[in-house]
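With chain P fixed as given, assemble chain F onto it according to the hints.
2 protein chains.
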Amino acid sequence: MENIRVILWGLGAMGSGIGKYLMEKEGIEIVGAIELKDGIDLGEVLGTGKTGIICKSNAHEVLEIPADIVIIATSSFTREVFPHIEKSVKRGLNVICIAEEMAYPWAQEPELAEKMDRMARENSVTVLGTGINPGFVLDLLIITLTGACARVDKIKAARVNDLSPFGPTVMKGQGVGTSPEEFKKGVEEGSIVGHVGFPESIHMIADALGWELDEIEETREPIITNVYRETPHVKVEPGMVAGCKHIAFGKKAGKTLIALEHPQQIHPHMEGQETGDYVWIEGEPNINVANKPEVPGGIGTMAVTINMIPKVIEAKSGLLSMKDLPVPAAVMGDFRNLIKKQEG
Amino acid sequence: MENIRVILWGLGAMGSGIGKYLMEKEGIEIVGAIELKDGIDLGEVLGTGKTGIICKSNAHEVLEIPADIVIIATSSFTREVFPHIEKSVKRGLNVICIAEEMAYPWAQEPELAEKMDRMARENSVTVLGTGINPGFVLDLLIITLTGACARVDKIKAARVNDLSPFGPTVMKGQGVGTSPEEFKKGVEEGSIVGHVGFPESIHMIADALGWELDEIEETREPIITNVYRETPHVKVEPGMVAGCKHIAFGKKAGKTLIALEHPQQIHPHMEGQETGDYVWIEGEPNINVANKPEVPGGIGTMAVTINMIPKVIEAKSGLLSMKDLPVPAAVMGDFRNLIKKQEG
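Those protein sequences? They're chains P and F, same order as listed. Positions 1 to 344 (the numbering used here) are the ones given, in order, by the first sequence. Positions 345 to 688 (the numbering used here) are the ones given, in order, by the second sequence.
So that you can see chain P by itself, here it is in the shape it has in the complex (with noise of 0.2 Å):
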């Protein structure tokens, strides 16, 4: 059996992070690349060595190579990726998605989500979005810890993390170093967005619960510290925003079944903020999981991203999201093997 032959779509700090994680996989191999600096050496790109994989910016040449999966990883917008899977589907190639809002394209873009269904059975490809959050902490984990319940009554969750080692993009999108005022201005001028995928994850717990939803809130509260926070990208006084603390309900008839935290802050253990994913479920019988520390989030993506790859080939076409599909599991073997163990 020849190697699963793997796309990239996007070199970013994700898509390459993928990429050097598939080098070292067995089974597996990436045959081709679409990226804006086009001719260079996929090798360049990753830091590896020369692969003799040229990037290109032109996808329809590179969507041309023989292959079997796409992985997109070029916005977290469902209406910024859609023509990228489009083009892909329509090549008949598998997609994985990391967009945030591909998670659950449901809950925000329900007509994308069913136009991306019907191309995808149309093509017989699977289409697939997933990342550590949305994807796994916030979602998947929870739907699978309520499996153990013979009634669930209200779930909260949280993930706790360190923004510490990003760049300035995300300080902004979290209005780290921001006054508690420009704080406020931020969040109603929606330059400070806190975490994108709340959404995303409520609607994908409540559809695989049975759970119907009349409504979801979201609030995002300034993290204003009481001492002095520093990266290499931001300093904070006392009195100025460390992060944003983005809320989410899931309501129904005023009563909230779902809520889910994600504060966002730099050096969060500063004020004794032990970073973390936790899981409470109230019902028949009660849940209290703590994954300490958190799974971080760029290698947690990666590997969720690499570990579907055989779920997603294996899987009845259309577009599914995480609570469709067999839970992932590391791949620590031939990729191959283990498809070749699911036909059976």
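These are calculated hints, taken from the structure and not from any lab test. What you are looking at is a predicted structure, and each value in this text was computed from that prediction instead of being measured. C-beta atoms are modelled at their ideal positions from N, C-alpha and C, and glycine is treated no differently. There could be a bad hint or two in this list.
[To be verified] Straight line, CA to CA, 30 Å or less: simulated DSS-like cross-link-like pairs of lysine-lysine:
no., chain 1, residue 1, chain 2, residue 2
1, F, K500, P, K25
2, P, K25, F, K434
3, F, K498, P, K292
4, P, K20, F, K599
5, P, K156, F, K364
6, F, K528, P, K323
7, F, K636, P, K245
8, F, K589, P, K292
9, P, K252, F, K364
10, F, K589, F, K516
11, F, K500, P, K292
12, F, K599, P, K292
13, P, K115, F, K660
14, F, K434, P, K251
15, F, K599, P, K154
16, F, K434, P, K316
17, F, K364, P, K255
18, F, K660, P, K323
19, P, K25, F, K599
20, F, K636, P, K252
21, P, K25, F, K660
22, F, K667, P, K316
23, P, K25, F, K667
24, F, K589, P, K25
25, P, K323, F, K500
26, F, K667, P, K292
27, F, K636, P, K251
28, P, K252, F, K369
29, F, K636, P, K255
30, P, K323, F, K636
31, P, K156, F, K500
[What the hints assert, rightly or not] Chain F regions said to be covered by chain P (calculated; three or more residues, Cβ under 8 Å):
no., segment
32, 426-434
33, 528-536
34, 548-559
35, 662-674
[Unchecked claim] Some chain F residues judged to face chain P by a derived CB distance under 7 Å, without partners named:
no., residue
36, Y365
37, A494
38, V648
39, A659
For chain F alone, coordinates are given in the frame of chain P:
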């Protein structure tokens, strides 16, 4: 759309618990019950009101009732449930079985597994073994968590529970109340068994990740108490055995890749042992998950079983394991809606 129709086969603690929870759910109903107590109303066994469903000891008769799925809760061992599964499958019925060995029958009964898979395909039905452990805590949950890892070097997990609520059969099987010498003899003779399910969990994890193991080793050590512990069924003096510390190792080339611990004892808190489900993954990244207290075994098994019903009905035909199906989710709405959605 009609209700989903369930036949219960076996109405012990687990089977009748599943029955009770099912009666509270929407879009699903029990249509028959196979039980030694011939002729009594199912409600009498479940302790609910009259149901009009009469338990019958003649399986063939009950399996004539039009149904979608049979839930088999009669024994822990594949060999013992095999004839029940065979009868059900040949009647064109899907099966969920909570026999521990059925969580991954390829581990200890590969020939029967092969047979069941063939039968299920020939009759276009799905057979699944599940339960809280094996089936969820020390396998599916671990596999799911590795999904966030780009590399896994070693897996360690523990399920620390409290046997205090259980009756004399469980106490005997775990050696509670024996002397250290009696415990040793009991393990040698096979009367003290510890946990049933380690080979199943280890094989499921290894197959999910693509690890080829050379051997599985199991050890059973007495948990000798330093304090007096007592339940309605057993009294344990200091120096005597309060439970069984059962550990299993999955090894490759002499190196342990998977270590699963399941110390089962009465009143673990009396010596400062906190009950819980714990998963530690060494890899990239490391994962460190704790669920405190542990998911209770009884409700957990009932819940997972019920929650897998829509997944099993929707699945491709054959013998499957939890790693092959979408994750369980607590079914809080109408069972029929969940199946309809998956049909999409």
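Evaluated hints:
1. F:K500 to P:K25: Status holds; Cα separation ~23 Å.
2. P:K25 to F:K434: violated (42 Å)
3. F:K498 to P:K292: holds (18 Å)
4. P:K20 to F:K599: Holds: K20 of chain P and K599 of chain F sit about 27 Å apart, inside 30 Å.
5. P:K156 to F:K364: Roughly 27 Å between the alpha carbons, so the hint for K156 of chain P and K364 of chain F holds.
6. F:K528 to P:K323: violated (46 Å)
7. F:K636 to P:K245: holds (26 Å)
8. F:K589 to P:K292: Holds, at roughly 26 Å.
9. P:K252 to F:K364: holds (27 Å)
10. F:K589 to F:K516: Holds, at roughly 14 Å.
11. F:K500 to P:K292: holds (15 Å)
12. F:K599 to P:K292: Satisfied, since the Cα-Cα distance of roughly 27 Å is no more than 30 Å.
13. P:K115 to F:K660: holds (25 Å)
14. F:K434 to P:K251: violated (45 Å)
15. F:K599 to P:K154: At roughly 43 Å apart (the allowed maximum being 30 Å), K154 of chain P and K599 of chain F break the hint.
16. F:K434 to P:K316: Measuring from Cα to Cα gives roughly 26 Å; hence the hint holds.
17. F:K364 to P:K255: holds (27 Å)
18. F:K660 to P:K323: This hinted pair holds, its Cα atoms lying about 16 Å apart.
19. P:K25 to F:K599: holds (21 Å)
20. F:K636 to P:K252: Distance ~29 Å between K636 of chain F and K252 of chain P Cα, so the pair holds.
21. P:K25 to F:K660: holds (29 Å)
22. F:K667 to P:K316: holds (16 Å)
23. P:K25 to F:K667: Given that 30 Å is the threshold and the Cα spacing comes to 21 Å, the pair holds.
24. F:K589 to P:K25: Between K589 of chain F and K25 of chain P the Cα gap is close to 37 Å, so the pair fails against 30 Å, i.e. violated.
25. P:K323 to F:K500: The given pair, whose Cα atoms are some 26 Å apart, holds under the 30 Å limit.
26. F:K667 to P:K292: holds (25 Å)
27. F:K636 to P:K251: Answer holds: K636 of chain F to K251 of chain P is near 27 Å, not above 30 Å.
28. P:K252 to F:K369: Holds - the C-alpha atoms of K369 of chain F and K252 of chain P are around 19 Å apart, at most 30 Å.
29. F:K636 to P:K255: Holds: K636 of chain F and K255 of chain P sit about 27 Å apart, inside 30 Å.
30. P:K323 to F:K636: Holds. K323 of chain P to K636 of chain F sits at ~25 Å (cutoff 30 Å).
31. P:K156 to F:K500: Holds. K156 of chain P to K500 of chain F sits at ~27 Å (cutoff 30 Å).
32. 426-434: That given contact is violated, which follows from only 0 residues of the segment 426-434 of chain F lying within Cβ reach (below 8 Å) of chain P.
33. 528-536: Per the Cβ count (0), the hint is violated.
34. 548-559: Per the Cβ count (6), the hint holds.
35. 662-674: holds (count 9)
36. Y365: Interface hint status for Y365 of chain F: holds (5 Å vs cutoff 7 Å).
37. A494: Because about 4 Å separates A494 of chain F from the closest Cβ in chain P, which is inside the 7 Å limit, the hint holds.
38. V648: holds (6 Å)
39. A659: Violated, because the Cβ-Cβ distance from A659 of chain F to chain P comes to roughly 10 Å (cut-off 7 Å).
When the structure is compared with the earlier hints, violations turn up for hints 2, 6, 14, 15, 24, 32, 33, 39 and for no others.
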